[in-house]
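**Q** Same order as they appear, the protein sequences are chains A and B.
Reading the first sequence from the start, the letters are residues 14 to 594 in the working numbering.
Reading the second sequence from the start, the letters are residues 2 to 346 in the working numbering.
Simulated from the structure, these hints should not be mistaken for lab results.
Treat the hints loosely; a few may be bogus.
Claimed, not checked - Stretches of chain B that chain A covers, calculated by requiring three or more beta carbons in the stretch to come under 8 Å of a beta carbon on chain A:
| id | stretch |
| --- | --- |
| 1 | 173-184 |
| 2 | 288-301 |
To be verified - Pair by pair, the computed Cβ-Cβ distance ranges are:
| id | chain 1 | residue 1 | chain 2 | residue 2 | range |
| --- | --- | --- | --- | --- | --- |
| 3 | B | L173 | A | H150 | 39 to 45 Å |
| 4 | B | L10 | A | H150 | 28 to 34 Å |
| 5 | A | P370 | B | F27 | 51 to 57 Å |
Model, not experiment: these values are computed from the prediction.
Note that the Cβ used here is the ideal one computed from N, Cα and C, for glycine as well.
Here is what each chain is made of, one letter per residue.
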Amino acid sequence: MTMLRVRDVYVRFGGVVALDRVSIDLNRGEILGLIGPNGAGKTTLFNCISGVLQPDAGKIIFEGRSLRFVPPHERARRGIARTFQNLQLWGSMTVLENLSVPMDALGRRSTLGDAVGSPPSEYAERATIERARAILHVLDLDHHAHTLAGDLPAGIQRRVEIARALAMRPKLLLLDEPAAGLDANETLRLAYLLHTVRDRFHVSMLLVDHDMSLVMRVSDYVYVLDFGKLLSRGRPTEIRNDKKVIAAYLGEPAAETAVGANGDAGAVVLATDHQEPIRAVPAGNAPLLEVKNLAAGYGPLEVIRDVNLYVKPGEIVACIGPNGAGKTTTLRAISGVVKPRAGHVMFGGRDITGRAPERIAALGLAHIPEGRGLFPRMSVEDTLLLASDNTGTRVNPRVAYDAFPRLHQRRWQAVGTLSGGEQQMVAIARALLAQPKLVMVDEMSQGLAPTIVQQLFEMLSVLRQKGIAVLLVEQFVESALDVADRAYIFEHGTVGHEAPAAELRTDRKLISGSYLGSAIDDTAAVPVAANSNGHRVDVELMEVLALKVPPAVKRAIEERAEKEGRPAGAIALELLEGNRK
Amino acid sequence: MMPGHLGRLLIAVVAFLALAWIPIGFDVGLKFDAALSLVWAFAILSVVLLTGYVGQVSLCQATFAGVGAYAAGMIVNTFHAGYVVGIIVGVIAAFALGVLVGLPALRLRGITLAIVTLGIALVFDKYVFQDHIFDWFTGGTGGWRVEGTNLLGLRADSSSHLLAAYEVLLALFILTALLMVNIHQSGAGRRFRAIRDSELAAATMGVNVTRYKLLAFGLSAAIAGLGGSFYPLVAGSVSPQPFWVFTSLQLAAIAVLMGVRHVPAAALGGFFMAFIPDILTRYGHGSFHGRVYDISYDWFSLALGVLLVAQLILLPDGAWGDIHSRAAKTWAQVRMRGNKQVSVA
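Only chain A is shown next, with the shape it has when bound in the complex:
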């Protein structure tokens, strides 16, 4: 039975047609994937279905009834719940309270009864809390019940959002990029979780994500949007081999497509034509950036300690490691955004430890933070001209436009109206114009479509040709290693290992070891040839990632690592190999 019919929905914002007569059918119990490049109109469609936005034309019919004049809260009560791409939890309320709100909305609660604490109100309150606890238990969130939602890390907040949507007892769940910001390991867990949710709560789902492996694994049927139009639809296997889709998603001339070794899930693999032989950096060069025994943190929490690293002029260095290993904090401590607590940061032979961020930037150290640090209402041209204030000389934005012709077309547009990829281009272009000696980029590819990510990684090679060094924090290990000269593997707030990128590309055990920290339930989830954004992932590496490590074993490994002064990952691998023999 068709549960949701979307018929010829049309939405325009000013001159831009966001949705051009899109039609979708969703059957009961089905998981429907919705994919498409940035700006394809996926979130707009979600907003139309959940009632946040009124389409200019077209019909949306849910369970045989039109939703045209139904306000958002009424749609929610009829069974449409959603999550948000940019997390929208109620941050000052506990997780339990977050789940209680939608539950209350289902029953009739009177404000007066609540105020005086009448017996029916008390009873309803207890029932609400019991049910909320049950949902938290299924999603393995029990011990976060009384934490303020705003204090949780983003990965767990995503899970709480799903829990909150389930508290609405939905028939249809709209998931807007649930895997954004999750690493490969957490994404696998999410896929497992979504299947659990469907089986236990009997909900249909509409899933938007950039992570092809997730969408392909989870969905029964996939719709592809491109520039507001429905480009294609079909079963995941059909979509994966659809020439039109591959062209739209990867950009035809830039990338060739290949089928993964085992021809299985997410077989769309980026061609790595920028994998030119590594240019050896002349030895004996004095390092441009040198970090010694750096420690930093927030409030009572010490996030990094004893971090040692260096970057030579013109070198590309990658920082990799699992979420929460301290990569971002290291960049912040170097650029002065966070005050270092111990250690030294030397840049160009000068000690810049604990200096004000703007003075460090003036020395030629550009920091592009996670989330890009742009001003949404400023035009592209004005944003680029801002760079002149750092160097003291007026810059010519033409240099940037030559590197990114697309920005020239959009030079008078407000930055906030650009797509995510274009915004990242603006951020890199602005850094470039300040004539830096070193650019630090944090999570450049987060939430971006593969074509754009590839362009950005190529841009890093351009920076190198200009003699600018790059320090890179990146979740997509493969892509980072393809452009980098050397890499530091972060582990539990410090540098666990340092090696040339070429070496790491062949010997992945070192990397996988550093990721071993988190356990995963789905041991069957191995045959993934490409993870999010089509980046290659080694099957063997995934195997190691997918291992389930009981907490006691993990603790024992960490204790031994501390005793022997070696990374925990290395010891774990040693044990594993011993077992295999």
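Please build the complex by placing chain B on the supplied structure of chain A, with the hints as guidance.
**A** Chain B only, in chain A's frame:
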């Protein structure tokens, strides 16, 4: 951990007993301040509900209190009805105006909403409370005296009954505060707070945002109006001056200063607003080492501004909010230390 319903009731009773005897030994002037402080405490409580719980900025809370005061005064003076009727009419009038003011808030938020409510306060100040057209009802800039009324035997024009007015006001205030805490901890409060944190998420999670925003404005105005409707009883007169625009701004500032998310902050704020200016004018002049000084009422606004800046830096959650949470933390540490000693022994 928040106490349950019974615990809150107990705290309310203890609070009443602790506060009830305070003005007993005061002279008439200070007794008047004590009663007035509760009128303002109601107004600040209305800010706590609207801004602290629901996140809606309003700069016309004194107008709501004024509507309560004028309605009650008129009912008593012109129609010679009992004071209880006056209070009921005052609260209903304020509630209705609150819902009306809430209508623009359905579309506006933040600074624009603040400006619209400020406009409403200005309009009421200049064109309702003070304009000649409404002289027959408001008495113009001078207001009018409320004479010969009584609330359950309290005579309004008699300064000797200020103490009794204080006790009645205190009981009502604590009851209202108790109901507000109950709401905060229950379903309605969660919906209010959900609207504060993310309206978008609240709407898509089944909260009728329109209804709860209007309800919040109405309830908030009713609370301010309840306090205001006692003003004629306490002061023996009604005039536009106490309810002008600047009072609304002061109420908002003092609410933030004391902790806009916390109910007890309202009591602190009311005390601050009624007593400090009076004490300044009473004892703020004289000579010190031969130098004559005169700290008049003007200094109150100056001090409020300075305190507000200091508070935003030092106590971001307001005086009550931060001191309370710090005390709770210290208490937890003390208890932990105690437990440790037990385990060692």
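**Q** Evaluate each hint against the coordinates.
**A** Hints versus structure:
no.: 1; hint: 173-184; in the structure: holds (count 4)
no.: 2; hint: 288-301; in the structure: violated (count 0)
no.: 3; hint: B:L173 x A:H150: 39 to 45 Å; in the structure: holds (44 Å)
no.: 4; hint: B:L10 x A:H150: 28 to 34 Å; in the structure: holds (33 Å)
no.: 5; hint: A:P370 x B:F27: 51 to 57 Å; in the structure: holds (56 Å)
Of the numbered hints given earlier, the model fails hint 2 alone.
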